[in-house]
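Trainee: One-letter residues, chain by chain:
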Amino acid sequence: MERIVLQSEHDFLHKLEELVKSGVKPDNIETRTPHPVHHAEDILRMKPSNVRLFVLLGGLAGIATGYLFPSLTALDWPLHVGNKPLVGIPPYTVIAFELMVLFGGLSGFLGLMIEARMPAVRTIISNDEFSDSFEIYVKKD
Amino acid sequence: MEHKAVATSASSHPAAIARLQIERDVIMAMQKPGLMYWGLVGLFATIFAVLLLGTWAALIWKGIGLFGLQNPVGWAFDIINFVFWVGIAHSGTLISAVLFLFRSKYRSSFNRAAEAMTVIAVMCAGMYPLIHLGRGWFFFWLLPYPNQRLLWTNFKSPLEWDVFAVSTYLTISVVFFYVGLIPDFAIVKRYTRGFSRHIYSALSLGWVGTKRQWRNYNMLYSLLAGIAAPLVLSVHSVVSWDFAMGLVPGWHTTIFAPYFVAGAIFSGCGMVLTLCIPMRKIQKLERVMPIDHFEKLAKTMLFTSMIVGYAYTIEFLLAYYSGNVYEFGIFKDRATGYYKYQYWGMVFCNMIVPLPLFIKKLRRNMKWLFITSIFVNIGMWLERFVIIVTSLAHEYDPYAWGVYHPRWPEWCLTIGTFGFFFMMFLLFCKFLPVVAITEKKEEVH
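Protein sequences appear in the order of chains A and B. Mapping of the first sequence onto the numbering used here: residues 923 to 1063, in sequence order. Mapping of the second sequence onto the numbering used here: residues 1330 to 1774, in sequence order.
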């Protein structure tokens, strides 16, 4: 594996473009950067992260729980107060909204852990560090 | 915490030098605190332990009858402080999430401190419902589970919504705060040795900045910002509905939700300035927290001050226009009655004091900003006092009107929470990076 260390974002992007143009498969290129470099994702033709699906599914589960849970409990012991409907959609919307955010956020965090392979126990216990330079690793076929 | 003299080999590239400078400025702020610093932490810890925990113990021992509460005001400092601290918390998420979505650059100076403030302030707020319960160990009665007769909690009650709103807000704030910290923990790991290195290494979850990590991280961060922004609006709206859903004159109004949200952002901006101005000076962060960014925060504070001022004015007009004698009666009483000093104090602190910030020179004057922020904090606390106490003290029947005088437990708890808040913030300043390092680095080209 070849390791290229660069000091600026500009040089890093330039080198990446050069490598991809020279025929290196984007999958064979691994990078480490001190901050996110959005243009690099385009050069390496990376697909959008699946974390969004985790957030979406978590959010939908939250909405479903937020409406179903209060509704079922209200139907479990019907208490009619002031001729109001037993199952009140507007008040349950508040619960549904809060649970959408809660479940969406938590499942998104779980998604990050799964998709980014974290916690990376080997890195935690090793001396491998998050460096301040832009590094490119090229895997040989 | 110990530091390595030089963490990485210096490069001659200007961008690399600038990045290293940011790292060092922030890491230097985390250096071992001096005796004075620990003394200050000790002082706030003592205030917290003696005044808050001591009073809480007394309230458990003797009962909440120690409060000055009696008819008609049965709900005062506990809910005032709850709303005050939830309000303070809001600006943290606003600065972090909303400014992230708008791609505002001045966010990067404050977002970490503001997020820490959010988490600590929600903890402060969360204490009050527990204190007010009297028997705090029965806190789980608030949670949605059926009682012995299998009757569930009332999900149509704003107080139950509050349980969902505040606990969601605390959880999501912690997640947002932690996710933002992950890359910075990895940087701190590089600068530390010994036991602390293991701690920071574990907290960084093995972050090294690979393309896979950044891609997923960015997606989560944007989505968290996207869901946290409406969460801020919803949480304080729910807090306002605790009042607005009640048929108490002065509370039962539709403008409460936006009025509370604007007030929360206003008070939060005030508290961010109160915390960040001394922090910038003590931690020598002048380079990473430029005055321009403070000026922009001052503009946000001025803008929200005017929204709050508008709400104070329009409330009077609405009460008059409603033709409801009870509604207008309470507003006249606020301005001229027993609590008029608190009312006019609120108007002075929140509407008048921020006005000089229209002058650019004053917006860039740190001392002026700091003093203004203190007034805003006091003013916003008074606002909650005025809304809650005056309305309850002056409801429908003149025979049932009354006045409320806080007694020592109320004051001790209030001051004790400030002790907890400042103690936690001082600890945050020394154990966590106070400025988002990777975000600051992103601005370097």
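Where hints are given, some of them may not hold.
What the hints assert, rightly or not - Straight-line alpha carbon distances no greater than 30 Å define the calculated DSS-like cross-link-like pairs of lysine-lysine that follow:
#, chain 1, residue 1, chain 2, residue 2
1, B, K1540, A, K937
2, B, K1759, B, K1696
3, B, K1540, A, K1006
4, B, K1540, A, K969
5, B, K1759, A, K937
As the list claims (entries may be wrong) - Incomplete in silico selection of chain A near chain B, CB under 7 Å:
#, residue
6, E924
7, V977
8, L979
9, L982
10, N1005
11, A1038
12, N1049
13, D1054
Claimed, not checked - Reference listing, derived: stretches of chain A covered by chain B, where coverage requires no fewer than 3 residues with Cβ under 8 Å from a Cβ of chain B:
#, region
14, 926-934
15, 937-945
16, 951-961
17, 989-995
I should point out that these hints are in silico values taken from the structure, not numbers from a laboratory. Predicted, not measured: the structure shown is a model, and the values here were computed from it. Idealized CB from N, CA, C, for every residue including glycine.
Trainee: Now tell me, hint by hint, if it's right for this structure.
Mentor: Status of each hint after checking the structure:
Annotation: proposed proximity of K1540/B to K937/A holds, straight-line Cα distance about 15 Å (limit 30 Å). The suggested pairing of K1759/B with K1696/B holds, with an alpha-carbon distance near 24 Å, which does not exceed 30 Å. For the hint linking K1540/B to K1006/A, the alpha-carbon distance of about 55 Å lies beyond 30 Å, and the restraint is violated. Among the hinted pairs, K1540/B with K969/A is consistent with the structure: their alpha-carbon atoms are about 11 Å apart, no more than 30 Å.
Between K1759/B and K937/A the CA atoms are separated by roughly 39 Å; this puts the pair beyond 30 Å, and the hint is violated. The beta carbon of E924/A comes no nearer than 16 Å to any beta carbon in chain B, farther than 7 Å, and the hint placing it at the interface is violated. Evaluation of the V977/A hint against chain B yields a held restraint, the C-beta minimum of about 5 Å falling below 7 Å. For L979/A, the shortest C-beta to C-beta distance to chain B is roughly 12 Å, which exceeds 7 Å, and the interface hint is violated.
A cut of 7 Å between beta carbons decides the hint on L982/A: the least distance to chain B is about 13 Å, and the hint is violated. Taking 7 Å as the C-beta contact cut-off toward chain B, the hint placing N1005/A at the interface is violated, the least distance being around 14 Å. For A1038/A, the interface hint holds, since its Cβ comes within 7 Å of a Cβ in chain B; the closest pair sits about 4 Å apart. Because the smallest distance between the Cβ of N1049/A and any Cβ of chain B comes to about 10 Å, over 7 Å, the interface hint for this residue is violated.
Contact between D1054/A and chain B, as hinted, is supported at the beta carbon level, the nearest pair being about 5 Å apart and thus within 7 Å. As drawn, the region 926-934 of chain A meets chain B at 4 residues by the rule of a beta-carbon pair under 8 Å; at three or more, the given contact holds. Closer than 8 Å: that is the beta-carbon criterion, and the region 937-945 of chain A has 0 residues meeting it against chain B, so the requirement of 3 is violated. With 9 residues having a beta carbon nearer than 8 Å to a beta carbon of chain B, the region 951-961 of chain A meets the requirement of three or more and the stated coverage holds.
For the region 989-995 of chain A, the stated coverage by chain B is satisfied: 3 residues place a CB nearer than 8 Å to a CB of that chain, which reaches the threshold of 3.
Checked against the numbered hints listed earlier, the structure breaks hints 3, 5, 6, 8, 9, 10, 12, 15; every other hint is satisfied.
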